[in-house]
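Q: Given next are the chains, with one letter for each unit.
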Amino acid sequence: MTDQLTRRQLLERAALGGAAITVPGLLAACGGTSTKAGGGGTTVAHKLAKTLHFSNWTLYIDNKPGNRHPSLDQFQKKYGVHVAYNEDINDNASFFSKIQPALSSGQSTGRDIIVMTDNSRYPSLLVKKGWVEKLDKSAIPNIKNLVPQQRHPNWDPNRDYSLPWQSGFTGIGWNQKLTEPITTMGDLLGSKKLKGKVGLLSEFADTLALVMAYNGDDPSKVTDKTFNKAIDTIQKAVHSGQIRAFYGNDYSGPFAKGDLLATMSWSGDIVQLQADNPNLKWQLPDTGGDIWTDNMLIPKGGDVYTASVYMNFVYDPKIAAEIEDYVNYVCPVVGAKQALLKLDPGIAKNPLIFPTKQMLDNVHVIDPTALNNQKYQTTWQNLISA
Amino acid sequence: MGFFHRHRGLTPYLLLAPGMLFLAVFFLVPLGFLAYQSLETGSIDFGYHFTWAWGNYWDAIRHYRGHFVRSFEYAGIATVLALVFSYPVAYWIAFRGGRWKNLLLLFIVAPFFVTYLIRTLAWQTILSDNGLVVRILRDIHVLGSGGRLLATATAVVAGITYNFLPFMALPLYVSLEQIDHSLIEAAEDLYASKWKAFLRVTLPLSMPGVVAGTLLTFIPAAGDFINAQLLGSPTNHMIGNVIESKYKELLDYPAAASMSFVLMAIILVLVLAYARAVGTEKLTG
Chain R
1 MTDQLTRRQL
11 LERAALGGAA
21 ITVPGLLAAC
31 GGTSTKAGGG
41 GTTVAHKLAK
51 TLHFSNWTLY
61 IDNKPGNRHP
71 SLDQFQKKYG
81 VHVAYNEDIN
91 DNASFFSKIQ
101 PALSSGQSTG
111 RDIIVMTDNS
121 RYPSLLVKKG
131 WVEKLDKSAI
141 PNIKNLVPQQ
151 RHPNWDPNRD
161 YSLPWQSGFT
171 GIGWNQKLTE
181 PITTMGDLLG
191 SKKLKGKVGL
201 LSEFADTLAL
211 VMAYNGDDPS
221 KVTDKTFNKA
231 IDTIQKAVHS
241 GQIRAFYGND
251 YSGPFAKGDL
261 LATMSWSGDI
271 VQLQADNPNL
281 KWQLPDTGGD
291 IWTDNMLIPK
301 GGDVYTASVY
311 MNFVYDPKIA
321 AEIEDYVNYV
331 CPVVGAKQAL
341 LKLDPGIAKN
351 PLIFPTKQML
361 DNVHVIDPTA
371 LNNQKYQTTW
381 QNLISA
Chain W
1 MGFFHRHRGL
11 TPYLLLAPGM
21 LFLAVFFLVP
31 LGFLAYQSLE
41 TGSIDFGYHF
51 TWAWGNYWDA
61 IRHYRGHFVR
71 SFEYAGIATV
81 LALVFSYPVA
91 YWIAFRGGRW
101 KNLLLLFIVA
111 PFFVTYLIRT
121 LAWQTILSDN
131 GLVVRILRDI
141 HVLGSGGRLL
151 ATATAVVAGI
161 TYNFLPFMAL
171 PLYVSLEQID
181 HSLIEAAEDL
191 YASKWKAFLR
201 VTLPLSMPGV
211 VAGTLLTFIP
221 AAGDFINAQL
231 LGSPTNHMIG
241 NVIESKYKEL
251 LDYPAAASMS
261 FVLMAIILVL
271 VLAYARAVGT
281 EKLTG
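Going down the list, the protein sequences come from chains R and W.
Mapping to my numbering: the first sequence position 104 is 104, numbers consecutive.
Mapping to my numbering: the second sequence position 99 is 99, numbers consecutive.
Just so you know, these hints were derived from the structure itself, not from any lab.
Keep in mind that this is a model prediction, so the values were computed, not measured.
Certain hints may be false.
Derived lysine-lysine pairs resembling PhoX-like cross-links, with alpha carbons at most 25 Å apart [as the list claims (entries may be wrong)]: (1) R/Lys375 <-> R/Lys78; (2) W/Lys196 <-> R/Lys375; (3) R/Lys98 <-> W/Lys101.
Partial chain R-side listing against chain W, Cβ under 8 Å, derived [unchecked claim]: (4) Ala93; (5) Ser94; (6) Lys128; (7) Asp218; (8) Val238; (9) Ser240; (10) Gln242; (11) Arg244; (12) Gly253; (13) Ala256; (14) Asn372; (15) Lys375; (16) Gln381.
Quick look at which bits of chain W chain R covers, simulated, 3 or more residues with Cβ under 8 Å [to be verified]: (17) 43-56; (18) 122-133; (19) 146-157; (20) 231-244; (21) 248-256.
No residue lacks a Cβ here, since even glycine has one placed at the ideal position from N, Cα and C.
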C-alpha cells in the first residue's frame, strides 16, 4: 500500500479528525493503524484533486459581492480544481489548538493549505514536529518570484515547507479626530491624555518587539535582561491604567468606535479600516516597528501536488496583483507591483503595501528563539491576563 | 412486547442506557483523560509524559489564587443580582401573567436565539465610552467625566448577570407556577399580611427554584471567560481566562487540566456546602 491518500480517505480522516477534537485521548489511544497517514517519504502523485481545501484568515483574499473570489474562480477554470475556501483562522493559537489533536494522532486535518504567522511559535513548531508536508517544488516554478528577503527564514531555511502568503507591519494607529498624532511608544505607553484608551497586541512578538526597540534593545536578540526590561515597561503601563486591554484582531471595533484613541495595530487592517473611517492614521513608531509574514503550509495528509500547483498559481505576478488589490497587506511576489500599476495605481503606490526602503530599514524581526521560550511565554501570558 | 413483559425489571435500565452511554463517552472519558493530563509534565516540543506531577495542582493554586478568588467573587455577585432581578419578573409572570404567560416567557428566552458571543459583543457597543449609557451616567454624575464602564469589573459582572439571567428566571418561574394559590389564600384567611404570606408560604415553596437557579447561574459563571475577555481589562481576568491561555497560547496542557480540576473541586465543595445549608430536600423539591 502506498502512502498516498485518496480524496475519499482524506475526507474520512477529516471526519475522524473532527471527532478527535472532542475526545483526543480516546482517539490518540486507538488511532494506531492510521498514525503514519501520508507520513515519511511521501511519494507525490502528479494528479490534481477535485477540491483544494484552503483555510485562511478573514478578509485575506480578493472578494467580490456574493462572497465570490475571482482569483479562485480563475484557478478552477485553469486547472479544474474547486477551491473550498474557508476563513476559519482568527488567531494562530486558536487555530493551532483546533488542528493539533488531529495532527498529533496522525489524522489528516481535512485541509490542504493553512496559513500561519512566523512571529508566532507555530510554523516552526509544525515543521519541527513533522506535521507539515514538503512542498512539491517541481510544481512551483514561480517560486523564483519570491522576494529575496523572504527566501531563507531561519525556521525553514530553504522554503522546503512554506511560502509566504502576505506580510505586514506592526505599528501605532491613532484616531486623529480624538488625539494628536501618536508616533512614539513613549507617548503610547505614557501620555496622560490617552489613559485607559490605549490598546496593545496580545501577540507576544508584536508588543515585545516594539517595546524592546523603544527601550533601545535589539528585538532580534532577546536576552533575559532585555526581556525583563520590556516586561517591566509594559507592566508599568498596565498598572498605571494606561492600557485598556490586549487585543487580537478585535481591536478594530473599539478603535473605529473611538474607545481606543491609539493602539498598536497591523498595517493592512488600517488600510481596510480607513476606507470607512479616514480619521484613523497609522505609522511605524520612531524607534521602529516589526514585520511578520503569514505562510502557506501543507498540513500532514494534505494533497501536496494540488496545494503546490495552487501556490505556483498565486506566485504569478498577475494573480498576486489581483489578490493584493483587495488584501492590502505587503506582497511577497516580485513583479506584482508592476502588474498592479496597470490595475490600480493608487494601491500600487501605497507604501503600506509596497513599502519603501526607509520603512524596511525601520522594522525589526523578533528573535525566533524567544518565541519558543516557555518561560518568556508564561511570563507574557501572566502579564496580559494579570 | 413479549420480551419486555417477561423482563420487566430490565426496562428502566434499557431506557437509561442511551443517556448513560452518552455520559460515559462524552463526560467520563474526557474527564478521565483530563485527570491523566493534569498529572503530566513536559512541553509541546518534547512531548508530555505522565509522572504523577501533583505539583501542577499546587502551582495552580499558588500562582493563580487571585484569579480563583476573583472568579467566585464575580460569579457570586452576578448570581445574587440575577436572583434579585429575576424573582419579581418570574413572580409576576407566574401569578399575573394570565394568558400572556407564554409570550412573556418567550421574551426571557429571546436572547438565547442569538449566540452567546454576539450577545456579549453587543454589550461592548452598549457600554462603549461614547455610547448612550455612559453619556447618561456621566450627565447625572454617576460616572466622572473621564469615567467608563467598558473594561471594568462592573461591565464584566453586568455581562455575566445578563448572559445567565434566563438560567435563573426559568427555574424560578417553574417553581412559582406550581404553587397552589389556595395555600396563599389560606394564609391570608389565617390573618397573615400579604408580606407575611409571601415570606412564610410563597418564598419557602419557591426555594427549589431559587436553589436550582442559583446553581445553574453560579456554576457556569465561575468558569466563564468570554465576559471577562470582551468586557473586562487585563486586571479583571477570571480563572477561565487563565485556563484558556494556558491551553491555547502556552500549549501547557497539564497546567490547564490541573487548574480545571481545582476549579471543579472548589465548585463542588461550595455546592455541597450550599446544599447542606439550604437543606438537600430543597434541591429536589
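Q: Holds or violated: is the Cβ of glutamine 242 of chain R closer than 8 Å to a Cβ in chain W?
A: The hint is violated - glutamine 242 of chain R has no Cβ within 8 Å of chain W, the shortest such distance being about 11 Å.
Q: Report holds or violated for chain R covering the stretch 146-157 of chain W, Cβ cut-off 8 Å, minimum 3 residues.
A: With 4 residues closer than 8 Å to chain R, the stretch 146-157 of chain W meets the three-residue bar; holds.
Q: Is the interface hint for glycine 253 of chain R satisfied, with its Cβ closer than 8 Å to some Cβ of chain W?
A: Holds - the Cβ of glycine 253 of chain R comes within 8 Å of chain W, reaching about 7 Å at its closest.
Q: The hint names valine 238 of chain R as touching chain W; please verify it with the least Cβ-Cβ distance against 8 Å.
A: 6 Å, holds
Q: Taking the closest Cβ pair, is lysine 375 of chain R under 8 Å from chain W?
A: At about 11 Å, which exceeds the 8 Å cut-off, the nearest Cβ of chain W leaves the hint on lysine 375 of chain R violated.
Q: Count the residues of the stretch 122-133 of chain W with a beta-carbon closer than 8 Å to any beta-carbon of chain R: does the count reach three?
A: With 5 residues closer than 8 Å to chain R, the stretch 122-133 of chain W meets the three-residue bar; holds.
Q: Does the closest beta carbon of chain W sit nearer than 8 Å to the beta carbon of lysine 128 of chain R?
A: 7 Å, holds
Q: When I compare C-beta atoms, does the stretch 248-256 of chain W have three or more residues closer than 8 Å to chain R?
A: holds (count 5)
Q: Are there three or more residues in the stretch 43-56 of chain W whose C-beta lies within less than 8 Å of some C-beta in chain R?
A: holds (count 3)
Q: Count the residues of the stretch 231-244 of chain W whose CB lies closer than 8 Å to any CB of chain R, then report whether that count reaches three.
A: Since 7 is at least three, the answer is holds.
Q: For the pair supplied as a hint, lysine 98 of chain R and lysine 101 of chain W, is the alpha-carbon distance within the 25 Å limit?
A: Since the Cα atoms of lysine 98 of chain R and lysine 101 of chain W sit roughly 43 Å apart, the hinted pair is violated (cutoff 25 Å).
Q: Should the hint that arginine 244 of chain R touches chain W count as held when the rule is a Cβ pair under 8 Å?
A: With a minimum Cβ separation of about 5 Å from chain W (threshold 8 Å), the hint on arginine 244 of chain R holds.
The structure does not agree with the numbered hints 1, 2, 3, 7, 9, 10, 13, 15 stated previously, though it agrees with the rest.
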